[in-house]
Amino acid sequence: MNPLPVLVLLPIMGGGLAWGAGRMWPRASPSMRDASWWVVLATLVVETLVLAMATFSHRAHAGPWPGHFAMPWIPAMGIAVRLDMDGLSLSLIWLSLILCFLCVLLATRQATAHAGAFRFLFLATLTGVIGTFLATDLFVFFFFWELMLVPMAGLIAAWGHEDRQRAAMKFFMFTQGSGLVMLLSILGLVITHYRQTGVLTFDYFTLAHTSLSPTGAMLLMLGFFIAFAVKLPVVPVHVWLPDAHTQAPTAASVLLAGILLKTGGYGMIRFNVMLFPDAAARFAPIAMGLGVAGILYGAWLSSAQDDVKRLIAYSSISHMGFVLLGIFAGSRMGMLGAVMQMLAHGLGTAALFLIAGAIQDRLHTRDMHRIGGLWAAMPRLSSAGLFFAMAALGMPGLGNFTGEFLVLLATWRISPLLATLAATGLVLAAIYALRMVNRIFLAAPQADTRPVTDLPSWQMAVFACVMAFLVLLGLYPQPFMIFSAPLPLPATAMAGPGGTTP
Amino acid sequence: MLAFSFNDTLLVATVLFSIGLAGVLVRRNMVFMLMSLDIMLNAAALVFVGAGARWHDATGQVMFVLILALAAVETAVGLAIIVCLHARGRPTLDADTGNLLRG
Amino acid sequence: MHALALLAACVTVVGAIMVITRRVAVHAVLYLVVTLLALATVLVMLGASFAAMLEIIIYAGAIMVLFVFVIMMLNLGQPDSAREKEWLRPRAWLGPGVLATIVCAELLYCTSPLSGAAPVPAAITVHDVGADLFGRYVLVVELVSYLLLAGLVSAFYIGRNRAGGR
Amino acid sequence: MAEILLPLLVLCPLAASLVVFISAGRMGARAIGTVACAGVGISAVLSIILSVMLLSGPVAGGLQVTLWPWMRVAGLSADIAFTLDRISMVMVLVVTIVGLLIHVYAAGYMRDDPGIARFFGCMTLFVAAMLVLVLASDLLCLFIGWEGVGLCSYLLIGFWYDDPANTSAARKAFYMTRMGDVALLCGLLLLACATGSLRIGSVLASVADGRLPASGVNVAAAFILVGALAKSAQIPFQAWLPDAMAGPTPTSALIHAATMVTAGVYLIARVHDLFAMAAPVMALTAVLGALTLLMGACTALVQSDLKRILAWSTISQLGYMFLALGCGVWQAALFHLMTHAFFKALLFLTAGAVIMRAGHEQDIFRLGGLRRAMPGLTAAFVAGASALAGLPLVTAGFYSKEMILSGVWHVHFGLAREWTLSGHPLWGIALLGAFLTALYIFRCVFIVFCGKAGTRAAGRTSRLMGIPLVCLSVLSLFGGVIEMPDTLPSLHLFSALLDPGTPLSHADEPVWLVLAGALAPLAGLGVAWVLWGRPSPVMREIPGQAGVIRPARTGRGMDVLYDRVFVQPFRLLAWLTRLDIPGHAITGTGRLTRAASAGILGVRAGLLDMLAMRATGTARWAGHLPGLFQNGRVRWYAAWIAGGLCAGLAMAVLS
Amino acid sequence: MIGHDIFVPAPLLVVSIGIMVMLAATAWRRSVGRGFLCATGMLLLAITVVGHHTGKVPDGGDSLFVQDRWTACTAILIMFSTLCIMLMSWRDAGVTREDEYPLLLMLGTLGALAMVFSANYMPFFLGLEILGVSIMGLVTFGHRAVPGHEAAMKYLILSGVSSAILLFGIGLAYGVTGSLRFMPPIAAGAVPAALPVAATIMILAGMFFKLSAVPFHMWLPDVMEGAPVPVAAFVAVVSKIAIFSALVRYFGTQNQPPFLDDILCGVIILTIMGGNLMALRQAGFIRLMAYSSIAHMGYLLIAFVCPGRLQSGVVSVYLAAYTVNTLGVFAAMDAFAIPGGPDGRVVAQWKGAFSSRPFLASVMSLMLLSLAGIPPGIGFFAKFGIAAAGVEHQRDLLLCFLIIGSIIGLYYYLNIVRTMMAAPALPSVKLNRQMRPELTVLVIVLSMIVVIGGLFPARAIHPFLPPPVAPSGTGDGATH
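Residue numbers (the working numbering), protein chains in the order written: chain A, 1 to 502; chain B, 1001 to 1103; chain C, 2001 to 2166; chain D, 3001 to 3655; chain E, 4001 to 4480.
If you are wondering where the hints come from, they were derived from the structure by calculation, not from laboratory data. Among the hints, erroneous ones may be present.
As the list claims (entries may be wrong) - Here's a subset of chain C near chain D, in silico, CB distances under 7 Å, partners left out:
#1 2066
#2 2068
#3 2099
#4 2110
#5 2128
Note that the coordinates shown come from a computational prediction; the quantities given were computed from them, not determined experimentally. Here a beta-carbon is modelled for each residue, glycine too, at the ideal position from N, C-alpha and C.
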């Protein structure tokens, strides 16, 4: 059995089951776990097993990368379900699964109404994301890219907070609209290839060898870039993100910040840089400028927020600026830094959203002025919050720093000025992170704070796992760097000063 | 008797067609609109007959018959609708006023 | 062009103009009959005597009677005539007139260079038409029957529910 | 052996920290204190063992342990690796031993605080981070410790978070040091970029090879200097340290006096080879150090808060160290670092005990006459004060300061081709600083311990707190005899220890140089006695709110002099300090950022969001089209058809 | 000559016989149910005999009818749609229960089929009129009589004008070529170029009217709004398929005459933008669907102006997707209607549908998202095909408008979904919410088609990937 299609299909099937289970055996009491929750958990466990199999088994196959699956889909148009897996996709899938476990264990309790449907959409998003990470057929990639929007927007629109529907709409419109531009680029590439060779195919590896005119390559690259830039997000097109993150229910925020943003980074690495190396190199100064702008702008705005989730959302913009910077720094080091940053940010920000969600569940507000001083009441939650805030501000020894340092170093080689500016973002990061800490956790308790329950120990244990993972990423990233490096395209030399040494 | 060339036919038909069009556009009374429609259809029919004559082909007149049938059907249905609307409180037969369907 | 032909064409056009400018519906119907008769003349001159007969019998005869019948039934009288006058102010003619004129001009522009060597038209007899109609176009005739059936059913249904108003 | 012990050195406090954190709420105060002290204590023992191992080994080099590769990418290799060489050995000993003493003291001091677990967790974590900083053989690894100590400092300054002033002081400290950290990071980036590695040895070797252009060396040194300045609260980053006194006193002693703030000194000492090649930066370091020492001393003179006096004195003493570093006598800097750790920790701890017993009163003018109530503490404080002032021969501070002074006297900066700068003016400033040091610390001694009784003292100092004080007093008094000026019995144990190859010796040193160094503190002591030590002190009534000294009264000769010589310049300086421009800028940054980004938010709402909204708005406007076009009139519709036909014909025919 | 050797495509024959049978049945005893039953049976029969014909296939160009895979594809679509609409209106409360109704539906289908199969202007034009006249009758079947009649009136007059234009154009074409073969007129002999151009334009104008391309589109919303829901679906689906099928047949796979290029581009842009912009602020669901259908015709026309390898497949896939989605929307709307309660024709009535009627709301969302081109619906693949065709022909301008239009479209489709997700305004009145079983089946079947078609487009669409016109092209063989 090939694990790749199983990986993609399992979540949505499990989600369907969970939905059915939720309808058949609705929850008896709010405190009890219902059948659908167990179904989701079982799905994730099986998925993890399959993923472990995919990680450690080495099967013989025709693909250029460690994992490969191909099945004709629409032969008339040269479309096939081609799934390939290299370290980058593998590590991002691992990240997705970890975050899903987090959500299932810590956050889905929030969805009280129609829990089954909630879980279905949740797992459907996972399917979309995993499909996006695995697809090497451009059509299939686009299919999954669009597919993951729908359940996510549904999650936001149906289970979100006050202004959820507008946020969901904004999210959907931005991503879908930019996706259409990418569609045109995909088609442009395919048809250019068709004109040259007479072969109509959407195969990533085949299309990589299309020879393009500089202008054409630039245009096609820009089409991809726009879609990924919206998802990442890059500064001028980030408008959807704060709303979506803020309004989404906790689990959706986690998925959104933890994984969906990563699909943007993944796409930039996989498609912008690897498909169009020359155009990407020419575009790099602009992209890096945008990255720095994102770092500073995101951090700056983050430090002006009163809404916790909004603050975290803007900090995500800042962190994703590093990713953009690293991807376009043109060296393997920057790329690795970007990947590390994605992994670390996925974990850290997801945990922060979970904490913010836990606070909101207990205090029914996200306004930092009204939260105030939780340490006395909830030392566990607060210490976890403190830890992840430190991770967010780039404390060395935690995962984010590894990524940021590599990115900065790679940037310094290109332009010390940009690197210095980006490093300034770290000061701003300290400002927003500490502001959050000193408003929420380490502050005088609010007079009207009702007695609240702290996190139970088992939840704390889950958080501890994440912390341990972040520390691991921060102190011993080498295996992850080797593991999660994007593999070069076969038969083409990866351009870049880094060469191909892992 | 064959005094008309195709060209002349076209001339007459075009003018007739335009008059019919103008009639549809300018009249607010639905009965007049139907009459103008008939004029337009007749213009089209005239073209067919003229063309049939030009190619010496009976098909043109076959088309004429078809158009005649169409005109009959349209007139019948149209008048039925007019009568119906008239019966339901549209005494003026004005096509412009009392529109429920708009926007 | 034959003088009679010219006359017939002129009558057709003038009749049509009268149709669309009349205030009283019955007058318009009468002018329409005149137009159709003149058109029948034109058809005859095109060698299509069968078509001309149909024009007179069915169009001027049957369809126009339908019009007259409906007009009588609706009892359009003096107030309607006054209202029509109100509606037919010169300003109302401006837009439609211009549009129709432009369409006419464009069509004429398209057809005008045609006035050169054109094949001489010849008469087509009833026989020719009949042979075609029930020969190669028999299916078309069948389709026309369905068209008439559709019109029949529609008009029947619409007319039947006239009084209902449910 | 060393491969196990060296990581264990770091691991012990770390483990203690984890245990304390995780068991929060389940362990009693005593148990927590025990665990913390045990963790640090084991470290101290280990450090001594390791020092012995190091010193018994070959002279050059040190104990190296590479734990695991951290980042190995093309163009960068960084390891998690520890080195124990002679420089770090000194520092490790200081950190662990002083740390242990302070932990023991704190176990008594913090006994009744509800947040004791958090306190000891942070303290032990701090020791661990500090040890990482000290032991790191890789600059990037050092950076872990560097930021880690900053974090602990932040947490401990804001330990009593109920008061917003404390948390804001904590944040101020973090922001300011963070700015320096970013500069340091930039320096690291530059070095990593040029050399491909951040291992200190290889970086210095590359620099020595000339793989880095001179400008690069200067810039890198400048970046590192900025980082060090921020960490050590030197001009222009001095503002955070006095505020940092908001933390518990053991914190102030350990972090903000003995160890963390000296990290900057340590860092520069570590990379002194790099600095040696960057003459302008050296000069800058020296000048900034001199300015800081003078300013710190001046400001300390007019403070009234006991802990703030000590804080400013710390700044001033760190200025000495930077002066020494700038003058290339990094051995002297480290020596002073060590002695300063002893006596300043002693001073802080004693002050903490005094304040605690005096009912948490920190204003020196409200204290007073405590000599009788707490003789032991008085003795300890006087011992510390003497060491700080550097009273000749009997205190450790004298020897270390003397070493700095002699180093400064001999220095010559070759800034550019013919621009040289003699060290003599700096020497003068340092000497003046020595005088002022004695003046302000004995002002403090006389006001607090002599004279009329102020607040009533209560309770007594527990033995747990007493023992460290005794130990530190001994160290402060006698810890300096391992290095003596040539004029005295020429003893160079310390510098020989640090740098066995080139013993620091100035044979041609004039005797009056030592004499001047010895007399200046004495003069300070005398003046202080004159001003504050007599039964009716001249300056007694001056309200001590920093810098707001009433205009000197006429008719008292000494006052005029004092006013002219000290007060006016101090007022200026103190006014400048009080303005606290960078400090305000930093604390203000939060508010400023908020204001500015609120502005940006407005702009954003007006720009990006509004653009998005405008787009939908346009679309909505377009949504009104139905009303315009689709008006329900058949004739209108027909006109469109005719118009369409018209246009189509026109386009097709006329084109 | 008259007899068994006349070439008639079987579906046409079956449907017309069906009409006769229904007439006979009506003459025997009037019964609505029997009419529906008879019609359904005949349609099923007709679907099964698609591809068959009587007589021998004429080889010359003089045939009235033509039959190939393209006709089979569109004929199946048409009959399938009619079948669905039959099912929808079987016991629809919004439709007057008269036995003329199934008869007119069948007549309309016959007209549409005639258009599809026609290879000659005559059956094309007659089919068009049969369809039109049937629609005139059908729209009056609602209970709200006046809007129905008003709609019929508008349709009558406007379609009369367009028919006249079309006929005039055909006449000109006939005058130019001397033949009524269903293809663009090519100047023969001394006839100047302007006349065939004018003829083509006028024929196109007539076709665009039926297709409701933008300057000629205004009847569609009014007519659909005035009609009962199933009839609106009929108008939106069947007549569109038929006319588009004819349009493709008319121009074939060859490039359009160059003079048409600007006009077509202009019409496409106007159609896309007009349809989408007008749909933005609609409160009426049917009206919104009408405008969205106009926009979809615009998208389809993009494929139409990009002839070649992709065109036939793309057009058929898009038509199929559009058909199924639109039918789904209308079926859900029909199922939403409760006698004495909301009839689902206003978007606001759908507020809170996700909580009050989750199944219908889910189906509706699926259909709307598929219309918007979001996976996994079949509409995604369809739009992908359109874009592919556009990129292949480097229709950059049109593609820009495709994207802009899609985004606007997404907005109003999502707005409906949003409305459905909102909390219901009022505590819902206890009404009988039992859905008619046949509607449930229909809705489920349509949803499955949408999803399966989206997931396995190749399998689902394989029969729809024919060369549209006589197998002249060589490249077409590769498409299946």
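For each hint, the structure was consulted:
1. Annotation: interface hint on residue 2066 of chain C violated; nearest CB of chain D at approximately 21 Å, more than 7 Å.
2. Taking 7 Å as the C-beta contact cut-off toward chain D, the hint placing residue 2068 of chain C at the interface is violated, the least distance being around 23 Å.
3. Interface restraint check: residue 2099 of chain C against chain D, minimum CB-CB distance 5 Å, threshold 7 Å, status holds.
4. At its closest, the beta carbon of residue 2110 of chain C sits 6 Å from a beta carbon of chain D; the interface hint therefore holds under the 7 Å criterion.
5. Using the Cβ-Cβ criterion of 7 Å, the hint placing residue 2128 of chain C at the interface with chain D is not satisfied: the shortest such distance is roughly 33 Å.
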